[in-house]
Amino acid sequence: MNFVALKMLLGDRAKYIGLIFAISFSAMLMAHQTSIFWGVMRRTTSQIVDVKDAAIWVMDPRVKYVDEVQPLTENDLYRVRGVDGVEWATRLFRGSAKAKTPQGGFQAFTIMGFDDSTLVGAPREMTSGTLADLRKPDSVVIDEDGYRFLWPGESFRTGKTLEMNDRRAAIVGIAKSSPPFQPTPVVYTRYSQAIQYVGQERNMVSFVLVQPRMGEEVQSVCRRIRERTGLAAMTRDEFVRKTILYYLRNTGIPVNFGITVALAFIVGAVVAGQTFYIFTIENLKQFGALKAIGVTNARITAMILLQALVVGVMGFAVGMGLTAAFFETTKNISHLRGFYLMWEAMAGTGASVLTIIVLASLLSIRRVLVLEPAYVFRGGN
Amino acid sequence: MARQEIAVECRELVKEFGRGESRTRVLRGIDLEVNLGDMSFLVGPSGCGKTTLLSVIAGLLEWTDGDLHVLGSDVSGMSGDEKVLFRRRNIGFMFQQFNLLPALTAAENVTVPLLAANVPRKEAMGKALALLDLLGLSGRSAALPSELSGGEQQRVALARALIHDPRLLVCDEPTSALDADTGHIVMELLSSVAVRPDRAVLVVTHDSRIFHFADSTAYMNDGRIVKVETKRTFEADFPRGNGAESTRSPEPVAIGPS
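Protein chains in written order, with numbering that gives the first Met the number 0: chain P, 0 to 380; chain V, 0 to 257.
Read the hints as simulated data drawn from the structure, not as lab findings.
As the structure is a computational prediction, the values presented were derived from the model and not from experiment.
Errors might be hidden in some of the hints.
What the hints assert, rightly or not - 30 Å max Cα-Cα, derived DSBU-like pairs, lysine-lysine: (1) 6/P <-> 82/V; (2) 126/V <-> 82/V; (3) 126/V <-> 284/P.
Build out the structure end to end from the sequences listed, making use of the hints.
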């Protein structure tokens, strides 16, 4: 009877396409918005994940997320270096400054300053120039998105200059970096240079980057740093989670994306449910005839579920295809860079589509189950 | 107790719809016998309970009181699933509006009762094509119902009703959606193909033009059987060829008390 169920479904081409469209649209919206949401969340941590040299981040205990810097003292750096199990510890500056742009205006910049001698934490992938050029006077490296922002349409080329805090900043390299959360360009330079661009203050160390000694357990070193210095110490992954949690709890981002995803689910469920219900009602006479002929309720339930499953699988596949196509075609656009169709979003959307088709078919199944087969003898129209 | 000669036996059969003050008694103590080997007609005015009685006999509707034996089995003792199985094995259906599945071809429609009984599709299709050939539809087996005439659709419905070789065939107004000539052809086919010594055919109809096909006719009015005629008595009253079948009232309700 599966064959009969499929023929019944495919025989009504308009409703079949309508059902697939409803589920595709709903699936696409859910997967797309979920992927964008997690992409945005990932962006909030771009400056953490781009630091690949150190396993441990040390910071003031009041720091809630990466963008909120509570300066440490130089003495804190030395105290961390003295903790058992620490192989090395370097300073990292993170701040912002205004720069005079080539067009004559002012543009806010994020500045990352790395240990002068080791350059620990500096970006590793360069599009143009080399990291070693950072050792030259007044030199900075700028991220690709920042370069495109300042010089739209121009090919990547070193040698351009900026002016920050009345100081010259010569661009000696262009770095690949993770897509940032804020649209401001990021410049990377030596620590000593960075603090001149923002103006010297009493305490300038934003974070201390630590690498544990070989064989030392990272968590144990973190615990020892916390106990010995009173500072917060956590792994890179823990700092990523802390930052994401901050945004989840303190911004409207998850609520707004959540509303969109919920609406997509509701619209998908309502439209698919209604269309499927109408489809069943219009076939009620046929279902009545099947019941009269001797098709059991269990078999009819299986037929309806099969129809729903086919529609669900087709709708899901089309929806995921459209979502993947969207991310594929937009992957080179700066403000959409780094967004992709996550497997977790696909899995969640799959579960949601399954729920939608089960909900959609429940009403129909109930309607058919309570149908008396004698209905077909009463005109059945 | 098995009743081999009698296909259907109703005793004091009562059917009520609704509850309390809205309760309506549709069947008011039906006594009826349908014999194997006969084509039996159930006739009467609209609303007299014919279709309800047919539904009860076919196991599609529960009844309120009385006894019902179908093909020697006491239907009242059967569970819902047993009734479905009983229908699937023993009863064939022809509906007024044919009720063919519009997305299936003629041959595929005919296979449905066999598919419901888990017969492999290929085997079912072979039987369906043979039966359609017997009914003169060999060239139309791949057509959709929408591509068939009314008469062809009803012949497909007849094939579907007979494909699993049922012992009781119930037909609800099989000619009412057809013109006179087509209706006659369908009834000729029904008589020649469906009527067999081990099978009973029960037809509910208003159509006086086909009354002469009946071996026996039960007249209903107001939920009761008011008269039963056999072919012998009917033809004695209205010999064929004298135009009686076209002048006979389609609703002989004046007979007996209401």
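Hints, one by one, checked against the model:
no., hint, result
1, 6/P <-> 82/V, "holds, 27 Å"
2, 126/V <-> 82/V, "holds, 25 Å"
3, 126/V <-> 284/P, "holds, 25 Å"
In this structure, none of the earlier numbered hints is contradicted; all agree with it.
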